Amino acid sequence: MENVGTHEDWKVCFSELAPGLVLFARQWVKSAADAEDVVQEAFVRFWRRNLSINNRALLYSAVRSAALDLIRRDNRRARREVEVFGEAERTVQPQFEQVDDSQRELVAALDHLPRDQREVLVMKIWNEFTFAEIGEALAISQNTAASRYRYALAALKKTFQPQ
Amino acid sequence: MSDFSELESELKKLRPAKPSGELIARVESALENAGEIAHKVVAPERFRINWFGLGLGLAAAATFLIFVRVDFRPTDKTKQTLASVTPSSQQRAAELPNYQATGLTQVVYSKRDEGLVFSPGTDAPARRVRTARRETLQWRDLRTGARLAVSYPTEETRLIPVSGQ
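Chains as they are written, first to last, in this note's numbering: chain A, 394 to 556; chain B, 348 to 512.
Only chain A is shown next, with the shape it has when bound in the complex:
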């Protein structure tokens, strides 16, 4: 039996997943601190139910659900988020490591994507989900996930030209 991996500690799993989970959570909550709160709540809930860590779609769905719960719990926060969503769909400033000038333009272009396209892009590019997994996590069809991904890339291409 080759490629036998043993995770003796939840920290190993969490350390691998955390950056992608926090980035994903920031699709709904504006601050990094709130995103970390959301990830903490979702991961603890997920882990204590002894769910398989291989079921990433369920884990990301839990993060999405926790983020929406957080918004609903706080009416003031909800109003603020709704106002921001309503204004310009640019709620998220994705945090990336060591962004140079060219990449800064790309990040700015990402911020202008509609939220439904951006969440698919985040799952596909930085979390390496398949369209089937994205569909499962977001409760949309595989074709819809693929379409949103293509629309997102097309929109980015209009505003950003790779050098």
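Certain hints may be false.
Unchecked claim - In silico BS3-like links for lysine-lysine, alpha-carbon gap of 27 Å or less:
(1) A:K550 to B:K458
(2) A:K404 to A:K423
(3) B:K359 to A:K551
(4) B:K360 to A:K404
(5) A:K404 to A:K551
(6) B:K365 to A:K404
(7) B:K360 to A:K550
(8) A:K423 to B:K458
(9) B:K359 to A:K404
(10) A:K550 to A:K423
What the hints assert, rightly or not - Listed next, the stretches of chain B that the computed footprint assigns to chain A, with coverage defined by at least 3 CB atoms under 8 Å from CB atoms of chain A:
(11) 397-404
(12) 448-456
(13) 463-472
No lab work stands behind these hints, which were simulated from the structure alone.
What you are looking at is a predicted structure, and each value in this text was computed from that prediction instead of being measured.
Glycine included, each C-beta is placed from N, C-alpha and C at the ideal position.
Put chain B on the given structure of chain A with help from the hints.
For chain B alone, coordinates are given in the frame of chain A:
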């Protein structure tokens, strides 16, 4: 989608920022304390009796107690170091002729030292350690490339002899 490949590679160069080091400590604390907090703190908006859940929980507890009784009856099994373990499906891999095992992931969810116990039929005390895992086995069909994965929870209880000195 090949016309987007360059753009995709540019996007992949962006690496998500690592979360704060505090996050892992907070998750660790939450995992350790959530059980205690759950029954000490009453959240009014969530304090609703779910009769279906309660019934299911009682049924599960009754089943658990039945298994516990079976495990610790004075039989030859109680004299073994390994008190009980969920039957592994690893043996079934050999029954898939075209599939080759390609991976095994074992995630330990909890490991609890339940203290000293005196098993019937033995004089010396033993320390009972209960470990809950989730194992995921993966196979691949060498001809078609099809993949098969099976994931299941396991629980293992070990009795570790303790010296009186």
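Verification of the hints:
1. A:K550 to B:K458: Violated - the C-alpha atoms of K458 (chain B) and K550 (chain A) are around 50 Å apart, more than 27 Å.
2. A:K404 to A:K423: Roughly 26 Å separates the two Cα atoms, so the pair holds.
3. B:K359 to A:K551: holds, 18 Å
4. B:K360 to A:K404: Holds - the C-alpha atoms of K404 (chain A) and K360 (chain B) are around 25 Å apart, at most 27 Å.
5. A:K404 to A:K551: violated, 41 Å
6. B:K365 to A:K404: holds, 14 Å
7. B:K360 to A:K550: It holds: about 16 Å lies between the C-alpha atoms, which stays within 27 Å.
8. A:K423 to B:K458: violated, 37 Å
9. B:K359 to A:K404: Holds, at about 25 Å.
10. A:K550 to A:K423: Holds: K550 (chain A) and K423 (chain A) sit about 25 Å apart, inside 27 Å.
11. 397-404: Since three or more residues must qualify, the claim that chain A covers the stretch 397-404 of chain B is violated, with 0 doing so at under 8 Å.
12. 448-456: The restraint on the stretch 448-456 of chain B holds, since 9 of its residues have a Cβ under 8 Å from chain A and three suffice.
13. 463-472: Check failed, 0 qualifying residues.
The structure fails to meet hints 1, 5, 8, 11, 13 from the earlier list, while all remaining hints are met.
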